[in-house]
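Listed in order, the protein sequences are those of chains F and X. Letter 352 of the first sequence, counting from 1, is numbered 352 in the working numbering, and no numbers are missing. Letter 22 of the second sequence, counting from 1, is numbered 22 in the working numbering, and no numbers are missing.
Hints are computed from structural coordinates only; laboratory data are not their basis. Where hints are given, some of them may not hold.
Stated by the list, open to error - So the derived label-pair ranges between C-beta atoms look like this:
#	chain 1	residue 1	chain 2	residue 2	range
1	F	345	X	335	45 to 55 Å
2	X	337	F	297	28 to 38 Å
3	F	428	X	273	41 to 51 Å
4	X	89	F	345	21 to 31 Å
Unchecked claim - Below 30 Å or equal to it, Euclidean Cα-Cα: the simulated DSSO-like pairs (lysine-lysine) are:
#	chain 1	residue 1	chain 2	residue 2
5	F	199	X	142
6	F	370	X	349
7	F	431	F	353
8	X	325	F	370
Positions of the beta carbon are idealized from the N, C-alpha and C atoms, including for glycine.
Spelled out, the chains give:
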Amino acid sequence: MPDLPLAGIRVLDLGQVYAGPTCARVLCDLGAEVIRVEGINRMDTIRNLFLADNDGSDDYWNRGSYYVFRNAGKQSVVLEFTDSRGVELFSRLVPQVDIVVENFTPRVMKNLGLDYESLRRLRPDVIVISMSGYGQNGPWRDYAAYGTGLEAVSGTCSLTGYRDGPPTRTGISFTDPMSGLMGAGAVLLALQYRRRTGKGQFIDLSQHEAAIPLIGHALMDFVMNNREQPRRGNRDLVAAPQGCYRCRGEDNWLVISVADDNQWRRLAEAVGHPEWAEDERFADILSRHGHHDQLDALIEAWTREQDHIEAMHLLQRAGITAAAVLNGKEVLLDPHLRERGAFDLVDVPGAGKRPVPRVLGARFSRFEAKARGPAPKLGEHNREVLQGLLDLSNEEVTRLEEEGVIGMEPVLMYPLPIARQMVVQPLFSFKQMGALLDIEPDYKEQLGLEG
Amino acid sequence: MPDSALAGIRVIELAQGVAGPYCGKLLADAGAEVIKVEPPEAGDRSRNLGPFPDDIPDREKSGLYLHLNTNKKSVSLDAGTASGRTILKRLLAKADILIESFPPGHMPGLGLGYDDLKEELSDLIYCSITPFGQTGPYRDYKANSIALMALCGLMYVTGDPDREPLATGGYPADYFAALNAWVAILAALAFREREGGGQYIDVSMLESLGCADEYNTGMYSFMGAIRRRYYSRHLFSYPMDIYACRDGQVVVVPGANGFPTSMALLVEQPELETHMLFTNFWMRAIQSQEFDALIQPWLDAHDAEDILTRAQELRLPFGPVLGPKTLLANAHLAERGFFQEIAHPEAGKLTHCGLPFLMSETPLETGPSPTLGQHNEEVLSEAMGYGREELIILRERGII
Numbered sequence: 001m002p003d004l005p006l007a008g009i010r011v012l013d014l015g016q017v018y019a020g021p022t023c024a025r026v027l028c029d030l031g032a033e034v035i036r037v038e039g040i041n042r043m044d045t046i047r048n049l050f051l052a053d054n055d056g057s058d059d060y061w062n063r064g065s066y067y068v069f070r071n072a073g074k075q076s077v078v079l080e081f082t083d084s085r086g087v088e089l090f091s092r093l094v095p096q097v098d099i100v101v102e103n104f105t106p107r108v109m110k111n112l113g114l115d116y117e118s119l120r121r122l123r124p125d126v127i128v129i130s131m132s133g134y135g136q137n138g139p140w141r142d143y144a145a146y147g148t149g150l151e152a153v154s155g156t157c158s159l160t161g162y163r164d165g166p167p168t169r170t171g172i173s174f175t176d177p178m179s180g181l182m183g184a185g186a187v188l189l190a191l192q193y194r195r196r197t198g199k200g201q202f203i204d205l206s207q208h209e210a211a212i213p214l215i216g217h218a219l220m221d222f223v224m225n226n227r228e229q230p231r232r233g234n235r236d237l238v239a240a241p242q243g244c245y246r247c248r249g250e251d252n253w254l255v256i257s258v259a260d261d262n263q264w265r266r267l268a269e270a271v272g273h274p275e276w277a278e279d280e281r282f283a284d285i286l287s288r289h290g291h292h293d294q295l296d297a298l299i300e301a302w303t304r305e306q307d308h309i310e311a312m313h314l315l316q317r318a319g320i321t322a323a324a325v326l327n328g329k330e331v332l333l334d335p336h337l338r339e340r341g342a343f344d345l346v347d348v349p350g351a352g353k354r355p356v357p358r359v360l361g362a363r364f365s366r367f368e369a370k371a372r373g374p375a376p377k378l379g380e381h382n383r384e385v386l387q388g389l390l391d392l393s394n395e396e397v398t399r400l401e402e403e404g405v406i407g408m409e410p411v412l413m414y415p416l417p418i419a420r421q422m423v424v425q426p427l428f429s430f431k432q433m434g435a436l437l438d439i440e441p442d443y444k445e446q447l448g449l450e451g
Numbered sequence: 001m002p003d004s005a006l007a008g009i010r011v012i013e014l015a016q017g018v019a020g021p022y023c024g025k026l027l028a029d030a031g032a033e034v035i036k037v038e039p040p041e042a043g044d045r046s047r048n049l050g051p052f053p054d055d056i057p058d059r060e061k062s063g064l065y066l067h068l069n070t071n072k073k074s075v076s077l078d079a080g081t082a083s084g085r086t087i088l089k090r091l092l093a094k095a096d097i098l099i100e101s102f103p104p105g106h107m108p109g110l111g112l113g114y115d116d117l118k119e120e121l122s123d124l125i126y127c128s129i130t131p132f133g134q135t136g137p138y139r140d141y142k143a144n145s146i147a148l149m150a151l152c153g154l155m156y157v158t159g160d161p162d163r164e165p166l167a168t169g170g171y172p173a174d175y176f177a178a179l180n181a182w183v184a185i186l187a188a189l190a191f192r193e194r195e196g197g198g199q200y201i202d203v204s205m206l207e208s209l210g211c212a213d214e215y216n217t218g219m220y221s222f223m224g225a226i227r228r229r230y231y232s233r234h235l236f237s238y239p240m241d242i243y244a245c246r247d248g249q250v251v252v253v254p255g256a257n258g259f260p261t262s263m264a265l266l267v268e269q270p271e272l273e274t275h276m277l278f279t280n281f282w283m284r285a286i287q288s289q290e291f292d293a294l295i296q297p298w299l300d301a302h303d304a305e306d307i308l309t310r311a312q313e314l315r316l317p318f319g320p321v322l323g324p325k326t327l328l329a330n331a332h333l334a335e336r337g338f339f340q341e342i343a344h345p346e347a348g349k350l351t352h353c354g355l356p357f358l359m360s361e362t363p364l365e366t367g368p369s370p371t372l373g374q375h376n377e378e379v380l381s382e383a384m385g386y387g388r389e390e391l392i393i394l395r396e397r398g399i400i
């Protein structure tokens, strides 16, 4: 297999939490050498989340699934940015890299003396991408933002919600993966231009703006008709019936969407109720919209007796759009995703191999873009990078370690024994309150993982 | 005049709907010449989807189409006829990239599959976008955005715990697929410059959405826990959700450093700083109703804008809940110049959604969407060398 498209490209990833690290991980999967830089006093908080086996002992900060998902295949360098020597080490790395990725609010890089103009003096053709919440200018430029909130600011929540309810968030930090992909594409555009002209550039990506095009049709409706679209729950403007129906078992559901009269007839036959197709309340698309509640009741009377996954296959074989609502476990075990290789097995220090979702939903005929290795332990590559790229001697690196300019142990907000307790999630309480369906101690066996 | 990143790159877009066209738009706005090949009678199916001005259907005035096809050229061509296919092949011979979104097997059926073309057109980057990809047991299954939200696991964790799972509004599966296809095409272009030659790209919309899996599979594969929807909340950092306030809603996100002090100051009860639900974050998540009772009265007494300003002064990453109207009137976006007015020959001047990022050397630039077949003559005669009489014959036969 030949090289990957970004072989030979080096990236400094200052990204925190989700969007920036995702951008850099896409570049990494495409072959770039990505050096992730963290502050000793500012360990990325995602290292605390969803630890392997919910175990807060030892170097737990290297075992979080949230961290591993975003950082597989990268290298890790830990510098102290509050010490001018730490900032200087970073500055000395810049001439050795092609790309700098960061997602702080604009004042952070400026205060460190690491804004684009400064970085460009160190490396004239550097490509810098800033992925702050609201971009580099405008009255909200210094507003702090999380992807969890930006979904609502970008307008998507205005279209999401039960028909009788308020705007609703998606159950993930929706704009983060979107901005991460957007940022990776923007960097690829800048690289394309640099190959042609030798020039670098600055990319100002506002995570807020990157997600707004998702509601382009609703914006157009307002521009054209001065009207805001209602929240439709799981229904559709055109297809009917469309809904999410309860199936057999605990919290199992099936989505069904019927596009036209033919599909309606086929659905009625497939579920053993050909008389539904003859019922004039449901005969055409308009009458089905008019009697949607009654339709839902009929359909759910059938789905309640069905296994959600088997019912999906039954209806799909009849040519109807049907999809089981899969939970995290079912996604991992789904035969289609397994055959497609949607997860890479990645070594997690002290926890064995674990499946990590791909960050690109594309398969290439001439190379494979996948997680290229484990997520690095905190500061794992301090020595390799500083000695290899900056020609520091062994003694110099040791002195920097002793003086706390670089390190492999985080300085945490709380004393270590307390921090260890705080990162352990109260899973049984979560289950009691209904936020978890189940906790399965034999999950590794079920997933076919060793140990 | 600023240069563009994709100057000299030509794209044939044989895709309809949302995913393929948004991918094509991202390439077009970066300077690629995107030739959209549409069926001669109906055009792209999004031309028949609204919104339309005053709800009067008009294939030149679909808001969805106008949003997704800026800056492209339109050639109307019936790829179902042999003559149409001949023209299409000649177009592809001069192109760098093809984007198509037919069901698996359709293009090979027309003799236009990647394997049919790869020897003659060895530099072509051929990108297929389908719901489930070209392989695997579901490859021929039908899907739309809600079905893919269901199968990727995101729907199960969205909505209230005692109600049915809830789909995210709009067409998220399509947009995630568009971004994946766009990144993949740019990666294949980079690869072509290194190694020479094109390649085939198989984009699965389901797996594209799967890239947005924050921790649903991770909770199981690392801890054995199966996450459910719980008001779409993150439990590891409670609160992080949309709350009601005096004049509407506001996103309450205290972030990593909001507790205990800043949140207590925000709600003007400094004594809460020592309250157990302010000092212990797991307790706060588990006893969320008790916690909400502590802050809701203050939220109910204040307007969203006031809450947002005060919160941001305390460095709390709160946000407003915006929709089309409030986004279009937003002062921050206005100063950033996000929305753009574009004049269209049939639809007139309309404010369009802006560009998703700014580039200092190669600014993205957008222009009007094409009318159906607007560039037949330009593309076929100027670029492809068809003569005037040949074009008349093709038009008479309904091929263009």
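The hints, checked one at a time:
{"no.": "1", "hint": "F/345 to X/335: 45 to 55 Å", "in the structure": "holds, 47 Å"}
{"no.": "2", "hint": "X/337 to F/297: 28 to 38 Å", "in the structure": "violated, 50 Å"}
{"no.": "3", "hint": "F/428 to X/273: 41 to 51 Å", "in the structure": "violated, 29 Å"}
{"no.": "4", "hint": "X/89 to F/345: 21 to 31 Å", "in the structure": "violated, 42 Å"}
{"no.": "5", "hint": "F/199 to X/142", "in the structure": "violated, 45 Å"}
{"no.": "6", "hint": "F/370 to X/349", "in the structure": "violated, 44 Å"}
{"no.": "7", "hint": "F/431 to F/353", "in the structure": "holds, 26 Å"}
{"no.": "8", "hint": "X/325 to F/370", "in the structure": "violated, 41 Å"}
Hints 2, 3, 4, 5, 6, 8 from the earlier list are contradicted by this structure; the remaining hints agree with it.
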